[in-house]
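**Q** Sequence:
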Amino acid sequence: MTARIARTSCLLAVVASMLFASPATANAATTLPGIDVSKWQGTIDWSKVAGAGIRFAIARATKGRTYLDPTFQANVDGARANGIVVGAYHRATPSGGATADIADARAEANHYLDVATPGVGDLIPALDIEETGGLAPADLVVWVKAWVTRVTNVLGVKPMLYASPHFWTVNMGDSTWFADNGYRLWLAHWSVRSPTVPANDWQGRGWTFWQWMHKPGLPGVTTDVDRDRFAGTNPVTARIAQLTAQPGAGGSVTDITGRLACGDGATCASLFDPSAIVTLTAKPDPGAVFLSWGGACAGSSPTCSVTTLGRKTVIATFGYPLSTTVTGPGGGSVSTAPAGITCAGSCSHAFPAGSSVSLTATPDAASEFGAWSGDCTGLDPSVCTVTLDQPRSVTASFTDLGPPSADITTPTSLAGPVRIAFSEPVRHLGADNVVLRTAGGAAVAGSLSCRNEDGATVSCSKDLVLSAQLRPRSPLLAGQSYLVVANPNGVTPAIVDRASNPLPRTAASFRAATVVPEEGPGSSFAWGTRPDARARGGSYLWERQVGASIAFAFSGPSVTLWTVAGPTFGRAKVAIDGRYRTTIDRHRRSFALVARTFTGSGQGAHQLQVSILAPDPGHPAAIATGVDAIVDRNGARSTPLSARWAPRSAPSAAGGRFVVSGVAGARAWFRFRGSAVTITTATGPAYGRAEIWVDGTLRRRLDLSAATKTFAVARTVGGLADRVHSVRVIVLGLPGKAGTGTAVAIDGWSVA
Numbered sequence: 000m001t002a003r004i005a006r007t008s009c010l011l012a013v014v015a016s017m018l019f020a021s022p023a024t025a026n027a028a029t030t031l032p033g034i035d036v037s038k039w040q041g042t043i044d045w046s047k048v049a050g051a052g053i054r055f056a057i058a059r060a061t062k063g064r065t066y067l068d069p070t071f072q073a074n075v076d077g078a079r080a081n082g083i084v085v086g087a088y089h090r091a092t093p094s095g096g097a098t099a100d101i102a103d104a105r106a107e108a109n110h111y112l113d114v115a116t117p118g119v120g121d122l123i124p125a126l127d128i129e130e131t132g133g134l135a136p137a138d139l140v141v142w143v144k145a146w147v148t149r150v151t152n153v154l155g156v157k158p159m160l161y162a163s164p165h166f167w168t169v170n171m172g173d174s175t176w177f178a179d180n181g182y183r184l185w186l187a188h189w190s191v192r193s194p195t196v197p198a199n200d201w202q203g204r205g206w207t208f209w210q211w212m213h214k215p216g217l218p219g220v221t222t223d224v225d226r227d228r229f230a231g232t233n234p235v236t237a238r239i240a241q242l243t244a245q246p247g248a249g250g251s252v253t254d255i256t257g258r259l260a261c262g263d264g265a266t267c268a269s270l271f272d273p274s275a276i277v278t279l280t281a282k283p284d285p286g287a288v289f290l291s292w293g294g295a296c297a298g299s300s301p302t303c304s305v306t307t308l309g310r311k312t313v314i315a316t317f318g319y320p321l322s323t324t325v326t327g328p329g330g331g332s333v334s335t336a337p338a339g340i341t342c343a344g345s346c347s348h349a350f351p352a353g354s355s356v357s358l359t360a361t362p363d364a365a366s367e368f369g370a371w372s373g374d375c376t377g378l379d380p381s382v383c384t385v386t387l388d389q390p391r392s393v394t395a396s397f398t399d400l401g402p403p404s405a406d407i408t409t410p411t412s413l414a415g416p417v418r419i420a421f422s423e424p425v426r427h428l429g430a431d432n433v434v435l436r437t438a439g440g441a442a443v444a445g446s447l448s449c450r451n452e453d454g455a456t457v458s459c460s461k462d463l464v465l466s467a468q469l470r471p472r473s474p475l476l477a478g479q480s481y482l483v484v485a486n487p488n489g490v491t492p493a494i495v496d497r498a499s500n501p502l503p504r505t506a507a508s509f510r511a512a513t514v515v516p517e518e519g520p521g522s523s524f525a526w527g528t529r530p531d532a533r534a535r536g537g538s539y540l541w542e543r544q545v546g547a548s549i550a551f552a553f554s555g556p557s558v559t560l561w562t563v564a565g566p567t568f569g570r571a572k573v574a575i576d577g578r579y580r581t582t583i584d585r586h587r588r589s590f591a592l593v594a595r596t597f598t599g600s601g602q603g604a605h606q607l608q609v610s611i612l613a614p615d616p617g618h619p620a621a622i623a624t625g626v627d628a629i630v631d632r633n634g635a636r637s638t639p640l641s642a643r644w645a646p647r648s649a650p651s652a653a654g655g656r657f658v659v660s661g662v663a664g665a666r667a668w669f670r671f672r673g674s675a676v677t678i679t680t681a682t683g684p685a686y687g688r689a690e691i692w693v694d695g696t697l698r699r700r701l702d703l704s705a706a707t708k709t710f711a712v713a714r715t716v717g718g719l720a721d722r723v724h725s726v727r728v729i730v731l732g733l734p735g736k737a738g739t740g741t742a743v744a745i746d747g748w749s750v751a
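Following numbering that gives the first Met the number 0, the numbering of the sequence shown begins with 0 at its first residue and continues without gaps.
The set of hints was computed from the structure by calculation and includes no laboratory data. All residues carry an ideal CB built from backbone N, CA and C; glycine is no exception. Please note that a few of the clues may not be correct.
To be verified - With a cut-off of at most 30 Å between alpha-carbon atoms, the simulated DSSO-like pairs for lysine-lysine come out as follows:
1) 736 <-> 708
2) 214 <-> 282
3) 47 <-> 214
Said to hold, decoys possible - Now the in silico label distances, taken between C-beta atoms and shown as ranges:
4) 306 <-> 456: 54 to 62 Å
5) 693 <-> 344: 40 to 48 Å
6) 492 <-> 675: 39 to 47 Å
7) 499 <-> 430: 16 to 24 Å
8) 79 <-> 153: 19 to 27 Å
9) 456 <-> 377: 14 to 22 Å
10) 566 <-> 448: 38 to 46 Å
11) 338 <-> 675: 45 to 53 Å
12) 532 <-> 499: 26 to 34 Å
13) 566 <-> 492: 20 to 28 Å
14) 153 <-> 372: 54 to 62 Å
15) 439 <-> 377: 57 to 65 Å
Sequences are here, hints too, so could you generate the full structure?
**A** What follows is the structure in structure tokens.
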């Protein structure tokens with residue numbers, strides 16, 4: 000390519016320009032125009048070259064062992080600055096006489112690599128072979144093999160070969176070895192419409208670049224210049240590619256050739272042939288596991304094949320296993336954030352190396368959380384965080400709350416059912432362990448139906464049951480005495496909870512069509528605040544009236560309830576959004592704060608309700624319930640004001656005291672048996688609006704505002720069936736017509 004100006008006659012240039020002006024235009028849709036240059040083109044104005052539509056340029060870098068083209072760097076810099084893709088070629092000067100001098104070929108290759116420094120995005124290297132150096136075809140092939148092999152081994156990219164059809168056929172023996180081994184052809188064939196491609200059309204692959212003309216007239220170049228075409232419309236398939244590997248901590252990535260090899264968070268990169276298929280292997284460190292590929296690879300197989308075009312990055316993520324085990328006499332589950340484990344037994348899941356994983360222990364309705372062990376310690380079910388920098392193992396233990404209890408409601412009519420509410424889900428209900436008898440012991444036939452925690456009808460014998468109804472098949476006899484028994488002694492199978500604790504024998508006697516009051520009229524209650532430095536906020540809410548309840552507003556899918564345990568504290572029932580969740584027993588020998596987490600509530604606002612139950616017969620004085628705090632997605636709130644009814648004293652109030660709350664959504668709850676209930680409230684300028692709900696139905700809206708303060712103002716809800724009812728008084732947080740206050744005060748209630 001160095002002195003073709005002298006070999007090109009003016010007549011040939013004119014004829015060639017006439018012959019090939021049309022084909023160049025016709026092939027524009029399937030090829031890209033380019034040029035190759037050397038010192039013979041002098042100083043080039045590359046902005047004009049780019050403006051003429053030239054897309055690539057191949058500049059001579061070196062010749063022989065020592066020659067450096069003086070215009071090479073200026074040509075490369077100028078072309079790149081104007082958006083032209085560049086490449087570099089070496090003019091071969093084979094030597095060796097009768098046999099090929101392989102050392103000479105390698106020396107020329109090293110000289111080219113030192114000067115040209117081909118990099119990612121450049122066109123693949125090129126060897127211009129136009130002279131034999133006196134070598135026979137077989138020896139010249141050996142010399143060229145040595146040159147391209149050296150460049151391939153050092154750079155990782157196979158060069159292309161520049162030659163004319165005549166030279167290749169005569170002086171290279173029309174060798175097919177280079178085509179068979181993936182080396183591309185830059186063909187020099189002027190003054191033809193379609194070039195002759197040697198080596199069997201380069202073994203069916205054709206030419207990659209074609210030098211089709213040498214002529215003047217290109218803007219920016221003052222001399223004749225070689226014109227080239229690329230066989231395609233996107234030169235990325237002829238540009239040096241780069242593949243980068245980014246393995247995360249916990250493993251390494253290598254390719255089958257060994258050009259890429261790095262691990263434990265280090266990044267490595269290598270040049271590759273465009274369109275080469277590179278197979279990568281992810282290898283985890285001891286104890287680690289491979290999780291997934293990212294970037295130019297996908298999936299979880301430890302091997303991945305990438306086609307190298309342009310710049311590509313492959314990410315390998317490794318992880319360490321986190322194993323969780325649930326133990327103890329109680330039951331529960333362990334879940335993780337981020338998600339991966341939700342397990343009631345023994346489970347394992349691999350998380351990305353170095354990640355932080357939070358674990359939460361959730362007891363079932365018959366249990367409470369005990370403690371963490373292994374890579375976590377402590378008594379808080381929501382405080383366990385591990386860093387996965389090695390395999391980790393965590394154990395959560397749960398304690399059993401003891402046997403379940405049952406609350407039997409006797410029929411209010413001759414045809415009415417017996418209702419049984421259990422303190423926690425139980426199983427194995429049937430005709431042998433839920434029985435209705437006459438006082439003389441004769442069995443009364445009935446049909447048993449059951450519901451689960453969600454209120455859905457389920458199988459009494461096979462499913463977990465929270466409530467049951469036993470309806471007599473025939474009406475009861477008026478005035479006749481009857482006995483209802485759940486879990487008679489010695490019956491098999493027994494009614495048991497999820498921990499296989501049997502329900503103690505529970506019985507209730509009644510006289511048909513009579514009413515047995517459960518609670519007397521005139522009861523009142525209040526939740527007071529007791530200062531205690533051991534509490535989370537320095538105090539806790541407490542009450543000891545059986546039937547008293549308190550509600551807490553929270554938001555999000557989970558909430559943690561902190562309650563007080565000690566010698567005087569006993570049993571309470573917990574419900575969320577009106578649905579029973581568990582029964583807690585906080586009787587302990589010494590003071591303690593106990594956390595219980597409830598999940599599965601869904602997004603949005605919810606209400607958690609704590610209701611005091613009768614004490615365990617073994618600890619009749621352990622009747623109090625203390626609430627220290629709740630924790631939801633908004634954080635921890637000690638003695639939460641969202642449901643706090645503050646106790647107050649006033650001589651005019653029923654019993655000398657009343658409870659008051661001004662927080663919207665706060666609820667007071669109690670149960671009674673009868674056909675009417677009267678709630679006495681305070682009225683005055685500080686009080687606002689409230690609602691009375693009975694059995695889930697809104698029965699009255701109250702306006703407690705008044706010009707002056709008055710106690711014992713009665714509000715009655717009547718016309719009820721003579722049975723057990725549930726009443727809720729809800730603070731609306733709205734002022735009434737006669738004042739600006741929003742509080743609600745209750746000083747008593749009575750039953751008719």
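**Q** Under the constraints set out in the numbered hints, which ones does this structure not fulfil?
**A** 2, 9, 12, 13
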